[in-house]
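Starting from the given sequences, assemble the full structure and let the hints guide the process.
2 protein chains.
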Amino acid sequence: MIKILVDTLGGDKSPVVNIEGAIKALNQIADLELVLVGDEKDILEKLADKKYDKNRLSIIHAPDVIDCNDKPTEAIRQKKESSMYKCYELLRGDESVNGMVSIGSSGALLAGAVLKLGRIKGVKRPAFCPILPTMNQKVVGVCDSGANVDCDANLLKQFAVMGSLYMQKAYGVENPKVALLNVGVEEEKGDLMRKEAYALLKEQNTVNFVGNMEARELLKGDVDLVVCDGFSGNVLIKSTEGACMEVLKLVKRTLLSSLKAKIGALFIKKDLYKTKQIMDYNNYGGAVILGAKKTVVKGHGSGNAESVYHCIEQAYNLEKNNLRQAIESELSKISE
Amino acid sequence: MIKILVDTLGGDKSPVVNIEGAIKALNQIADLELVLVGDEKDILEKLADKKYDKNRLSIIHAPDVIDCNDKPTEAIRQKKESSMYKCYELLRGDESVNGMVSIGSSGALLAGAVLKLGRIKGVKRPAFCPILPTMNQKVVGVCDSGANVDCDANLLKQFAVMGSLYMQKAYGVENPKVALLNVGVEEEKGDLMRKEAYALLKEQNTVNFVGNMEARELLKGDVDLVVCDGFSGNVLIKSTEGACMEVLKLVKRTLLSSLKAKIGALFIKKDLYKTKQIMDYNNYGGAVILGAKKTVVKGHGSGNAESVYHCIEQAYNLEKNNLRQAIESELSKISE
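In order, the protein sequence lines correspond to chains C and H. Just so you know, our numbering puts 736 at position 53 of the first sequence, and the rest follows in order with no gaps. Just so you know, our numbering puts 746 at position 63 of the second sequence, and the rest follows in order with no gaps.
All the pointers check out, no bait thrown in.
The list cannot tell twin chains apart, which means a pair is met if one copy fits it or any two copies do.
Distance condition first, Cα-Cα at most 30 Å in a straight line; then the derived DSSO-like pairs of lysine-lysine:
#1 LYS932 x LYS872
#2 LYS872 x LYS763
#3 LYS903 x LYS943
#4 LYS872 x LYS754
#5 LYS860 x LYS932
#6 LYS903 x LYS959
#7 LYS903 x LYS878
#8 LYS799 x LYS878
#9 LYS872 x LYS696
#10 LYS957 x LYS935
#11 LYS807 x LYS878
#12 LYS932 x LYS945
#13 LYS804 x LYS872
#14 LYS878 x LYS754
#15 LYS754 x LYS885
#16 LYS903 x LYS754
#17 LYS799 x LYS872
#18 LYS707 x LYS952
#19 LYS754 x LYS860
#20 LYS957 x LYS945
#21 LYS860 x LYS935
#22 LYS885 x LYS804
#23 LYS976 x LYS872
#24 LYS872 x LYS762
#25 LYS762 x LYS878
#26 LYS953 x LYS943
#27 LYS1003 x LYS696
#28 LYS696 x LYS959
#29 LYS943 x LYS821
Since the hints were derived computationally from the structure, they do not count as laboratory data.
Listed below in structure tokens is the structure:
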């Protein structure tokens, strides 16, 4: 049995989507146990009309929420009645709990992973690894994407090792292609850190390093993992998300811009919906904090129940496939 | 009279688009003189059927081209018969020449600016500043976007000063809003360099600093200039371009995906074309190397004649509005 905590607070549509996603996961996965953490009365109300195996669901009361106005490190230390705080207390204190899923504040979740959970043996710094859907209907991981704004080449190597294992364990990618985010593809490109990282990755034979990658290639889906410092990784995923969103808005506006366009829109509505599904983050799970002592998955703050369901499924898969143990074992070999 | 060199080689559709763009510029701008640098015979052939003021156009023979397979610094030193090499020789040696436009190798163009032209007095390092069209039909400059992969806070401040003057002189933006690219909007976000740069920019009263900006906001057009180190700036523009391109490809594929969609496409064709125009880089000129001793504009390598025309117009405007002098004057005040 895999036991996962579900933080039911902190998202735009919480706790409804969190609870609905949890119920779906319970009904889909037989050896999954869930603990809903949040406002007990509210949770019970929302559960009233749901069908699920009551032996595999429990509730822990935590009425307070950490939101984006809170300072992450302060909040995760001081908001003791918050759902996220309680999740971390349980994760740390209860051996039987495997991991947690939250769609609340990324900053607080990261702070909690570092301050309250600690790292897997051998991990220098945990890294934030979201995934993005690509145009060839695969996914690409980006590691790190914001946990570590100051990095060095050795950290980048660890991100590559952890991220590569992650793509195997979470998405079944065999021998994941790992690229280094850089300003050009040639080996000598980039700053000193990138040049050093390139050399280290070339030598690292457990990583299938395919060289440098420029940011414009990300969505093509030719590689499975992009390794970067947290600052440029953050820029990479946010600008990609932002651009996709703005272009789709523009297309939508176009379809409403004239009577003729509106008629055309009726014809392409169905196909356009299918296309939108390819790019919908709700279908792809969340970002994982790689290197933390237990599995922590962060879903999109404005995600729906489907999104929460995929995050839980993802946490379950990582535990089932022993990602944490694989990271520890792999990193111990490197440091030897 | 403003005298601009046009490198006619190095682009995907060179020299045709370069020459056509040059002719359009000559016919539109009365006090502009152009020098076409490239294969003389080829240029003369392409000019044969064109109408323009022959007193304002001359040709310099340079049959060789620097392409993306050349190592930039080596090529700009050694390929003495290349059009770009000759342009820099002229820019450096001939006082009457104001600037140049090229759609060839960015790396070689940058190397030439640093190695052959040198910097405006007071400029620590030239910066590469492209512009992107935004969804509210304005433009945003990104400085630096690849010339300087290793930066410090003082360099970022210079980028802000130069970029701000640039947005005024090239696009007539009054009191341009300048933002610092960061992983979050709060003042304390980012690495040490970003925190230092934030403090410096807050104090810099000739720059209208509006605080930190996340990458996902870029295309909204709320700010006029984004300041960043060359590495993350490069990631910012390339991932934005890449994402826009991939989404548009996906939309196009959708419009051809079924008979029904194809019928719908006929209705929205015209409106979609208008929308595409908003995002078409050909309508917006090129990237400027800010801080170089003379005006250097880099157009898109796959740009068309319209793109080259806008680049020439841009170079003309910058010289007409004395950008270089303004940068020198402004930076001398800061260092005092």
